[in-house]
Structure formats: structure tokens, C-alpha cells
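Peer 1: Listed below, chain by chain, are the residues.
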Amino acid sequence: DAKTTQPPSMDCAEGRAANLPCNHSTISGNEYVYWYRQIHSQGPQYIIHGLKNNETNEMASLIITEDRKSSTLILPHATLRDTAVYYCIVSRMDSSYKLIFGSGTRLLVRP
Amino acid sequence: EPEVTQTPSHQVTQMGQEVILRCVPISNHLYFYWYRQILGQKVEFLVSFYNNEISEKSEIFDDQFSVERPDGSNFTLKIRSTKLEDSAMYFCASSDNSPSTDTQYFGPGTRLTVL
Numbered sequence: 001d002a003k004t005t006q007p008p009s010m011d012c013a014e015g016r017a018a019n020l021p022c023n024h025s026t027i028s029g030n031e032y033v034y035w036y037r038q039i040h041s042q043g044p045q046y047i048i049h050g051l052k053n054n055e056t057n058e059m060a061s062l063i064i065t066e067d068r069k070s071s072t073l074i075l076p077h078a079t080l081r082d083t084a085v086y087y088c089i090v091s092r093m094d095s096s097y098k099l100i101f102g103s104g105t106r107l108l109v110r111p
Numbered sequence: 001e002p003e004v005t006q007t008p009s010h011q012v013t014q015m016g017q018e019v020i021l022r023c024v025p026i027s028n029h030l031y032f033y034w035y036r037q038i039l040g041q042k043v044e045f046l047v048s049f050y051n052n053e054i055s056e057k058s059e060i061f062d063d064q065f066s067v068e069r070p071d072g073s074n075f076t077l078k079i080r081s082t083k084l085e086d087s088a089m090y091f092c093a094s095s096d097n098s099p100s101t102d103t104q105y106f107g108p109g110t111r112l113t114v115l
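Going line by line, the protein sequences match chains A and B.
Its first residue numbered 1, the first sequence is counted upward by one per residue in the numbering used here.
Its first residue numbered 1, the second sequence is counted upward by one per residue in the numbering used here.
Here chain B stands alone, though its shape is the one from the complex (with noise of 0.2 Å):
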């Protein structure tokens, strides 16, 4: 069964440095997504993506953030200086968006330490 992959399982900063994390979607999904989730708290909504355009982003998704679909099988999050409050699960998303059909599937996510 196709899935969503994720590199690095986990990746560890320190404040101020950049960050890359990827996403390998499923084969002939359109849409693409980001979440993160804080240690104990809620799955949140970072921002989505279709035909190499950011779709809808959230607050949390500011001026430090960036998504980029650099070649046809990789989804990536950059964050550009981490801070301690970055420190989350990151989560990677894809859906075809067909009619009645149409589900997320998620990656295993990227635990991002930030020191």
C-alpha cells in the first residue's frame, strides 16, 4: 500500500539554525500538507499546497517558514532560524483530492528538537 515517507525521524538544531524537513508523498496525490504537533497538545494546520502554490496557510506559517515541491516526488518545510518554540512532531500530508474519495494520508513525521 503506497504511503507517505518522511526523512529525518528526527532532527536536532540549535536556535537560529535552518532546517529542512521532507516528504516523499504518495505517487499521483496533488495536494500537500504540513502539520506539527507540539509535545501534549493538538495536531495544528500549517499550511497546504497544490500545483506549486502555497493554497491556504496558517497563522503559525509566517515569514519563517517556506514549502517547496523541488522535483516531481519531494514535498519540503523549511524553517529558516528555529527557535525553541519550533521544537514539535512535524507531520506531512498528501490527498488526490478526487470526488468521494478523497482522504489525507499521513506521513510518520519528523521530531524536531530545537536546543
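Bound conformation, chain A alone (with noise of 0.2 Å):
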């Protein structure tokens, strides 16, 4: 199972940021959180990782609590082409870890 916990659906309107929320109360000191979107069918795409630091790369910025018990996902100008599901996930990186999805976040950005 997931080890994570998203609500199932959030909106935005375009040109806002979008703020997902994600629990990952039990994530162990060695996980990393990672997060990936879904548009329609397509293959997962990667968005953003940290492990204890907030991070921020040309897409989107990660910001996770200092007891690492929670993080969000910010994009700071939704655009429509935004509207996907979002997973957060979280993982060791070493060898052959494997990525468990869960539900995600059905993100809608309105126009």
C-alpha cells in the first residue's frame, strides 16, 4: 500500500498556484519524497524530489516540514496544461527501489 495520504481532488484557477498537500507521517529517515503527475493516460512524469530541504526546480517547488511528516507540492502558475493527477511517493533511493503509487491528487486548473 501507498504510504502516503492526498486528498482525491483539488482546483485552481489558471495563473494561481496550486498547493497539493501530502502526508507521509511514517516515512522512515532514509526516504526520499518524490512526486510525479499523470496527464490523461501518459506515462507517469517526474516533477520534483527532496529529502529533508525544500526544493525547487523549473517546474515546481517542494517544501517538506521539518519533522519530514509532510510536504507540498507547489506550482507557482498553474497553467491548464497543469491539470493531471499528482502522486506523492515515497522511496529509498538505492538500488532497484520501485515507485508504489497510490490514488493521487486529480488536480483541476480552471480557466
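Check each hint, because a few of them may be wrong.
Claimed, not checked - Mimicking DSS-like on lysine-lysine, the simulated pairs with C-alpha atoms at most 30 Å apart in a straight line are:
#  : chain 1 : residue 1 : chain 2 : residue 2
1  : B       : Lys78     : B       : Lys42
2  : B       : Lys42     : B       : Lys83
3  : A       : Lys3      : B       : Lys57
4  : B       : Lys42     : A       : Lys52
5  : B       : Lys42     : A       : Lys3
6  : A       : Lys69     : A       : Lys52
7  : B       : Lys57     : B       : Lys42
8  : A       : Lys52     : A       : Lys3
9  : B       : Lys78     : B       : Lys57
10 : B       : Lys83     : B       : Lys57
11 : A       : Lys69     : A       : Lys3
12 : A       : Lys69     : B       : Lys57
13 : B       : Lys42     : A       : Lys69
To be verified - With beta-carbon atoms standing in for the labels, derived distance ranges:
#  : chain 1 : residue 1 : chain 2 : residue 2 : range
14 : A       : Glu14     : B       : Thr5      : 29 to 35 Å
15 : A       : Ser25     : B       : Met15     : 42 to 48 Å
16 : B       : His10     : A       : Glu58     : 28 to 34 Å
17 : B       : Ile38     : A       : Leu108    : 21 to 27 Å
18 : A       : Asp11     : B       : Glu56     : 33 to 39 Å
19 : A       : Ser25     : B       : Pro2      : 31 to 37 Å
20 : B       : Leu30     : A       : Thr56     : 25 to 31 Å
21 : B       : His10     : A       : Ser9      : 26 to 32 Å
22 : A       : Asn54     : B       : His10     : 36 to 42 Å
23 : B       : Asn74     : A       : Pro21     : 38 to 44 Å
24 : B       : Glu53     : A       : Pro76     : 40 to 46 Å
25 : B       : Pro2      : A       : Thr5      : 30 to 36 Å
26 : A       : Ser9      : B       : Glu53     : 39 to 45 Å
Claimed, not checked - Covered stretches of chain A, going by a simulated chain B footprint (3 or more residues, C-beta under 8 Å):
#  : region
27 : 44-58
28 : 99-111
Bear in mind the hints are in silico, worked out from the structure with no lab data behind them.
All values derive from a computational prediction rather than experimental measurement.
Beta carbons are placed, not taken as given, at the ideal position from N, Cα and C, and that holds for glycine.
Mind assembling these two chains? They're in different frames, but the hints should get you there.
Peer 2: Set out below in C-alpha cells:
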């Protein structure tokens, strides 16, 4: 079973920030938080990952709480193309790790 | 930007037939994976592969399934005798397992329809 909890759906207005929460209260010290998204039935697309520090890349920012029990993915200026299912996954970064997908959050970006 | 490719995009087969799904991972990656997603359900891990061996497999990956890296570029998933319940999207992924940068990158998927 997935080790994360996410709201099933969210929406936001185009151009506004989308803040997607994730709870991972049983995360281990050697586990990273990964975010992927899936648009329609396309292959999951990597967004960002982090261990304990906040991370930012060209797609998004990841804010991880100090106790590492929850995180928030931030899409700073959501566009219609960001409408997708977003998955928060915790996984060890070692050889042959597998990703266990939950149900994710279905984000709808409204015009 | 390098990407994982998969062929065919859609495969239709009759129950009991063998199918081979093909993947070309990102060229410098060393770890390879197959996942599947039945329509409307979660993405499920099937198998991971490294150094020409299976590293881990799920309960789904039974004797009907096999994987192979037949040459330096391709990674295949074979289903020997397809069942109706094998109908799904099959995603290949690869990673380089570099510390701190390791990420699995997924292909676009093959939609398998078993009739």
C-alpha cells in the first residue's frame, strides 16, 4: 500500500499557485519524497523530489516540513496543461527501488 | 532531452497469444522497470532489472511474464499467454541510480488490449 495520503481532488484558477498537500507520517530517515504527475493515460512524469530540504526546479517547488511527516508541492503559476493526477510517493533512493503509486490528487486548473 | 520510448503504442491480441512489448530506455541508464495500469486503477510495479537480472518482482509478475535486455538498447516485456485481465497500459521506466539525482523516467506506455 502507498505510504502517503493525498486529497482525492483539488482545483485552482489558471495563473494562480496550486498547493498540493501530502501526508507521509511513517516516512523513514532514508526515504525521499517524490512527486510525479500523470496527464490522461500518459506515462507518469517526474516533477521533483527531496529528502529534508525544500527544493525548487523549473516545474515546481517542494516544501517538506521539519519533521518530514508532510510536504506540499507548489506549482507557482498553474496553467490548463497542469491539469493532471499528482502522485506523492516516498521511496528509498537505492538500487532497484520501486515506486508505489497511490490514488493521487486529481488537480483541475480552471480557466 | 533524452526520453524513454516504447513500441507499439497500442497492441491488440487474442487471448492466449504471446506479446512482446518493447522499450528503449535512456541511453546511460542502468536500471529498468515495468509498471502497468489497468484502466481506472493505480499504477502498479511489475519488475525491476539490473545487470541482466531481475532485481525485484511483484506478485503480478508470475511465470507468464518475462523480461529481457536482448541488446544494448532494448528492454522487453513478454507475456507468454495473454489473459483478458492483462489488458492495461504498460509503462517502461529507467533510472541511472546516481546518488541524489536518481529518478525514474517513464515512457509513454503501450496500451495492450486482449480480446
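Peer 1: Taking each numbered hint in turn, which are not upheld by the structure, reported in ascending numerical order?
Peer 2: none
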